[in-house]
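Peer 1: So the protein lines, in turn, are chains A and B. Quick note: the first sequence uses this note's numbering, first residue 1, plus one each step. Quick note: the second sequence uses this note's numbering, first residue 1001, plus one each step.
Incorrect hints may have been included.
[What the hints assert, rightly or not] Some, not all, of what chain A presents toward chain B, calculated at C-beta under 8 Å:
1) Pro179
2) Val183
3) Arg185
4) Thr264
5) Phe391
Honestly, the hints are just simulated from the structure, not real lab data. The structure displayed is predicted, hence computed values, not measured ones. All residues carry an ideal CB built from backbone N, CA and C; glycine is no exception.
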Amino acid sequence: MHYASCALSISQGLLDGHLPWRLNAAARGVNGEQHVPKRNWARGGVSGSMSRSMQHAFMWQFVDGAGSRPPRGRCLDWDGWYGGSIFASLCAEVDVLVYAEPFGPGPTKPLPKGSSKVVRWWHADAHTMSRVLPLAAFDLIIANSVFEHLEKPLLAMQQAYELLRPGGTLFWHTPFMFPEHGVPRDYFRYTAAGARLIAESVGLQVEFAHADGGAAAVIGNVLGLSAKFWTPEELAIGTRAPHAEGGAGGRSAEALALTADSPTLYLSTRMIARRPAYDKAPAAETPVTGPRPLGMRPVATARNRGLRRRGSAPVSSNCPSSASAAFATAVRQAWINGELPDGALGLHNGASQLDLHNGTGWSATNREIVTSPSTSSRGSSIMLCQLRAAFWSRIADEFAGRLASRGPFLARRQRVGLRCLLWLPSKKALTVTLTPMEEQALSRLCEQTDRVSSLALSRGRYELLLSAGGFARSVDPWATMRRAAGLLEDHGVIASDGLAQPLMASNRHRLLASARSRMMP
Amino acid sequence: MLAVSSPQWLVWHEPFSQADGAADDFFRFTSAAARSIAEDAKLHVEMAQADGGYSSVVCDTLGLDPSAHAACNPAAGEPLQTSGGFYLATAMLARVRAPTLGARG
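Given only the sequences and the hints, what does the whole structure look like? Please build it.
Peer 2: Structural data, given as structure tokens:
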């Protein structure tokens, strides 16, 4: 079968070290492929970097859809790559923010890309930039691949709010299922809900926040198939491969790209938020489901025809070597044909074939990934469960080793024997049986284990708290960590002493209600 | 040392390169973020690291059967330098700091 041969090729490529996660470099010049620049600012241009292509496409969409808003205003741009280039028609003045000391106005120099009539350079820290830059002065803040690098994103978001003119716009784009990268530190990834959460926490009105770049973009990026191997429409399909939607013709590429329903694979998160204009009546409540088009021009109908329907092209029976450009073509074709699963947490329901307790979690007969309702409700794939169990085992080994070092009596203990609290990310997860590997690892660590879906419901004294996805779902991970520390210290929740935490706490009920309402069909 | 001063521990294991589509799914954390948040809560971080490297991400993303593909056995602790920055989860071990003399007095 085609998928099986591709899977074997990928697996063998991994073992041999031949699977290039930057195949674009290896593929240049192969099979007549043309060189693609890493960054391509041109409208409709394709960058070698998958992520760059998605970012630039979103920028052009924003510029095209913005019309007269903001009217040739003042823009704040990190590092200055875009204010004078893609956003040039919107930015009469460009202020460039660079992290450098001493903080204050920086030396005058031209923009690294494009031009602008007025350019100001600033040296500042995004967490404290309102001390350096003018308040309420900017019509547009361009935060492209910025917020993943900020240690205190809520603080930085509040700073952005202070700098925006009332009615000003925040353009946001961050990677999601994307490798860790330094510059100099990399801290966070944000789901669409997470992006909305931190923006609303500081009082910004979110026009929309959703996933950007779907299954094809993620698979392509992971395997190193650069953007040039895919059409823009294929990359933009937001949530699932065409086959999952009954064929690409079932819904338009734009509709798929803007779909906010349960994306399981997406490369980036994009958001447009605005500081409320106080001289106008308060805006209506932003719908919590579905996209807001932001006046974007619709994708041309003709372009949608670039999508192929399932089975529209012949498929080779063998997947080429993972080190060849033909491999990229084969993987893409397999994806178009619906032969690649859209992620370990995809919606294919084959639980009857799932042998969870053998620890495989995958069907041996079904070429498509199957997902147990139980694992999906836990929010963890089997691979993640395996990793977690292995980590718990390593911790058990470490603790046992420390006990052994303290004398023969303790060395005879087979179990560490702690009082444990296992924090699972949802109420549904509480009803789910752990995998045998997890149970085994847990039994080595814990004499007694209580399970909760919320730390707020926890009472009692524990020596070990195990988080298994709960922090990812916390509206305020900082406060949650304090609560965790408080539980462990057994003297209640430690009072928050940072600025971000009260901000989040004051909005928690509203944010939770908003999140819950989005869960409703 | 374990149990010498009855320390309490946090064993953190959170997804990184994975989404589950839940409406209340908000954040992913690198090891730097995990460490930062824990230290912000006055915990002492013994280790924080990426867990499950490039192979895990590829296999998880594509749904390759780990029982059928040896490459899919989770390679815990695969160095970032060899995983190209790809990893599936973030793991951390942190503990409550031992109270200093007079701290609660």
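Peer 1: Taking the hints in turn, state whether each one holds.
Peer 2: Now the hints, each set against the structure:
1. The interface hint given for proline 179 of chain A is met, as the beta carbon of that residue sits about 3 Å from the closest beta carbon of chain B, less than 8 Å.
2. Annotation: interface hint on valine 183 of chain A violated; nearest CB of chain B at approximately 12 Å, more than 8 Å.
3. Interface restraint check: arginine 185 of chain A against chain B, minimum CB-CB distance 5 Å, threshold 8 Å, status holds.
4. Restraint check, threonine 264 of chain A versus chain B: the minimum CB separation of about 5 Å is within 8 Å; hint holds.
5. Evaluation of the phenylalanine 391 of chain A hint against chain B yields a held restraint, the C-beta minimum of about 5 Å falling below 8 Å.
When the structure is compared with the earlier hints, a violation turns up for hint 2 alone.
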